[in-house]
Amino acid sequence: MGEPRILVIGIEGTGTREISACLLKQDSSMDVLTCSSLPLPGDRDLHECGIQFICFMICAASKESFQTLHSSISQVDVSYFAGKCVIVENTKGLAVEQSVEREKIEQLAAQYDIPVLTTNTQNESELTDISNKLQHLIRMNQGRTRHLAPMLYECVRETKLPRGTPAGSNLATPSLVGNTT
Amino acid sequence: MSTRKRQSRQNNVDGAVAFFKNAKTKQPFKGKGNEELLSALELIESTAQTSGLSAEHIDALLDVALDGIQVETVCKRLLKSLIPSGSVLQNSAVKCISALCVQKHSITLQCLLLRWLLVVYDYLEGRDHLHCLYDTIFHFLHYRTLMPYVCHLLYLLTRKEDIRLFRVRHLLQYQKDMGTQPYLTGLLSIYRRYYPNIIHVVNTRSYKSFFPTYDRKWSAVVRQVQEKNRQPGAETNWEVALLQRNSTGTQANDLVPSRKRRKMDPIPLIDSLTTKSCYKRDRQGNILGLKTVPFVLVQCFKDLLDNIDSLEFPSQIGAVLKSDALKHMMSYTKNLTAATRFEFWMSETLYEELTLTDKEKYHDRVSNLLKLLKLFGDFLREGTPTVDLVLSQYLQKWNGLDYAPHIFKLISQFRLVSFDALNIAVLEPLQKLFACSTVYFKCKVIVCLTELLRNQAAYEWPRYRESPQGNRILSLFCVEEETFSHRETLTQFVSWVCRLSLAGSIEEKFHPLYELCVLDFLELVSSLHTHYDLPFVVFVEPRLYERLVISHNPITVAKLCEVICRYKESFSMLKSRVPSTLEDQQMIRRCNHIIRTFCNLLWRFQAYSTDDKASIFHINPATVDERLGGQAMGESLSVIRHPALLPFTVRYVHKCLMEDTIDVYDLKFLKRDLLTHLDEYHLDAFSQFVSTFVRSRPSQTGNPHKTQMSSLSAGDSQAFGF
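These protein sequences, in sequence, are chains A and B. For the first sequence, the residue numbers in the numbering used here are 2 to 182. For the second sequence, the residue numbers in the numbering used here are 30 to 751.
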């Protein structure tokens with residue numbers, strides 16, 4: 002099976018370094034590679050490099066990181082979209098409206114069927130938590146757990162609505178006073 | 030500054046003030062002979078700038094400035110130095126107004142007096158006395174030079190009972206004569222806020238543009254001095270002030286919103302636009318002849334009952350979260366405005382608190398808000414639609430850590446909506462976190478979903494059922510409902526949770542805590558009809574049962590048997606009440622299949638079969654290795670040899686049979702005794718299961734372990750007569 006090889010993609014300021022350091026701290030046998038965008042230097046193929054899992058980093062306050070994500074995702078082979086990649090949105094503890102609209106990230110993720118996780122790399126406990134989650138996904142992906150594969154949870158999902166439907170759009174909306182419906 | 034220096038300075042200030050107080054004749058300001066006056070004046074000014082003056086000094090120096098003994102320059106400098114170190118006496122404010130009435134002073138000094146009053150307004154120890162002079166202050170609007178300051182002061186003092194038609198007429202006349210002036214517009218806007226139907230003022234300005242700050246530097250100095258003098262327990266002082274404001278009988282709060290109050294707590298205090306004293310005075314009827322009783326006058330539950338039809342909701346509807354009396358009022362009111370106001374406030378506040386505040390700094394505040402929201406939902410026994418909306422948006426980017434206990438509790442109050450909406454809003458975000466989290470988080474999710482189902486069965490379902498046909502559902506909140514099948518929603522929800530639980534149990538490999546949480550959910554599902562009177566029974570995914578029955582945890586297997594017995598009870602009760610539909614019959618068949626599987630597994634030593642290819646107990650005999658031994662394989666999950674029950678079997682053999690070796694063949698004859706032994710360990714669900722579904726027929730061959738499930742009739746969907 003070998004050591005897991007993970008690729009963390011994200012521009013400067015998206016928390017790529019922090020995530021990579023935390024992953025290595027928890028499992029030093031892991032091979033963590035980082036790059037700012039795809040394609041890889043020298044136009045190398047991800048499969049040839051032995052990449053088993055991809056983590057896309059995006060910062061909520063940086064439109065540039067979203068654009069990089071958008072261009073990098075389109076370079077990824079379709080086989081990675083079966084539970085072998087994840088998008089991590091780094092809020093960095095921002096208490097203000099973020100620059101990148103949440104709906105756009107969700108639509109992009111839905112288009113490629115990639116889960117989106119949220120974290121704040123400036124908070125130690127959240128950084129550890131996201132690292133644990135990534136380790137979990139990586140282990141599942143590697144097949145280290147018997148009877149466990151990314152498609153197991155995929156079978157649970159059930160939706161008839163189009164992918165990328167905004168949350169709450171189908172909920173009953175409060176009506177104004179005087180509406181007799 | 031050391032204590033000695035401070036003391037000596039204080040003594041000097043006392044001396045300086047005494048110098049001015051004791052002066053009986055006009056003293057020269059320019060020229061020779063005024064060194065003492067100048068030094069006293071400079072000392073007062075410097076002390077005021079650095080540490081402020083006490084309330085008594087301010088009062089004394091105000092008397093000096095107003096009695097006319099000193100020249101106007103000195104009076105002006107004294108007034109400019111009246112910077113409070115703490116609060117300002119009410120009496121001082123009254124003296125200012127009475128000085129205006131006397132008309133003894135120059136117009137410049139009168140303006141300065143009003144400006145001083147506006148600068149220290151926030152630091153007055155009370156405003157009752159000043160408010161009593163509202164009529165007098167209004168009179169000074171005649172003086173155009175004083176008008177901007179008088180308008181500003183009136184803006185701060187105005188309450189609902191002060192608004193009179195004649196005052197409105199005066200203000201409109203001034204505006205007509207002078208043109209649209211920002212200070213007049215500002216005062217009219219506050220009048221309009223109380224009585225929008227009698228004043229029509231087009232107003233697009235803000236408070237700051239009505240009354241531009243004339244004395245920014247002066248105000249800044251006062252603020253700095255106050256900050257410097259603030260004691261360490263300043264937050265406690267604020268809390269005390271808030272508590273005092275919240276007690277009944279206190280005056281209405283300032284109309285200018287207090288930013289400091291909002292920063293401490295987003296939930297506003299109970300406040301009415303009228304006060305106790307003013308309500309009594311205006312009992313004859315105010316300008317609009319309203320007969321409502323302001324809520325701030327309610328002091329006990331009896332007051333609420335006595336005025337049940339005439340109570341007026343407070344100005345800040347969000348205060349309902351902290352007041353039990355208000356909650357009662359919200360629950361019975363027919364006033365849809367109150368519910369709409371509450372929803373509007375809630376959506377804004379909850380969104381801001383969850384997404385726009387610093388999590389670390391305001392964690393307790395947000396947690397408190399979420400806790401109160403949950404309590405409010407528990408009281409009303411229904412969720413708030415806007416809370417569901419904000420929560421669904423928040424869950425999309427929730428990391429599973431922030432405010433987790435409160436978020437789970439609010440999820441459990443989610444209203445009954447179509448399954449697709451619930452899936453997008455709640456289930457998919459939870460499933461995403463479920464898949465990559467620890468077993469403890471998974472347990473929390475299962476518990477949360479169990480509570481959600483319980484809430485929807487106990488409160489939401491009856492609410493929909495009790496609503497008149499074709500009309501909107503019985504709810505405090507006005508919601509545009511979509512048409513959907515409630516039964517289908519609940520059925521799909523249960524199926525979804527079962528699939529999720531199955532995936533989780535495969536991953537967590539017989540984790541006892543996780544299995545217990547799943548079994549709690551299954552217990553609830555099995556008793557939906559018997560305990561919550563739902564007109565249907567939902568039988569869950571059979572694979573989940575098969576997965577759980579091979580658990581290593583004896584409690585899991587026992588509880589599972591108990592759940593199957595409950596299903597029997599539910600189906601029997603359902604059959605006796607309503608004619609069974611096609612769906613019910615399908616569920617009964619599935620249930621029968623599981624019962625048959627369990628009986629074969631636990632009791633009849635036939636764990637594996639060739640029937641159901643999708644089952645985990647399906648085998649192809651041709652592929653089974655001979656060395657495994659057919660009979661032994663079939664007994665491997667029986668009550669005697671089940672991995673979860675084997676320790677009990679060993680104990681039974683040692684303690685009851687007093688034997689050192691276990692003979693499985695002999696134990697087959699003693700399996701009923703083994704059940705009795707299990708009862709001693711509170712695992713009586715096995716006995717219950719066997720007595721319910723297994724009927725032992727007296728065997729003619731003397732082989733007592735032959736049993737019969739005589740009531741099963743394969744292929745006959747009508748036969749359900751265990």
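Note that these hints are calculated values from the structure, not bench results. Do not take every clue at face value.
Claimed, not checked - Mimicking DMTMM-like on lysine to aspartate or glutamate, the simulated pairs with C-alpha atoms at most 25 angstroms apart in a straight line are:
id	chain 1	residue 1	chain 2	residue 2
1	A	64	B	387
2	B	426	A	4
3	B	205	B	164
4	A	93	B	382
5	B	388	A	125
6	A	105	B	151
A quick note: this is a predicted structure, and the numbers were derived from the prediction, not measured.
Right, here's what the structure says about each hint:
{"no.": "1", "hint": "A:64 with B:387", "result": "22 angstroms, holds"}
{"no.": "2", "hint": "B:426 with A:4", "result": "31 angstroms, violated"}
{"no.": "3", "hint": "B:205 with B:164", "result": "22 angstroms, holds"}
{"no.": "4", "hint": "A:93 with B:382", "result": "17 angstroms, holds"}
{"no.": "5", "hint": "B:388 with A:125", "result": "14 angstroms, holds"}
{"no.": "6", "hint": "A:105 with B:151", "result": "47 angstroms, violated"}
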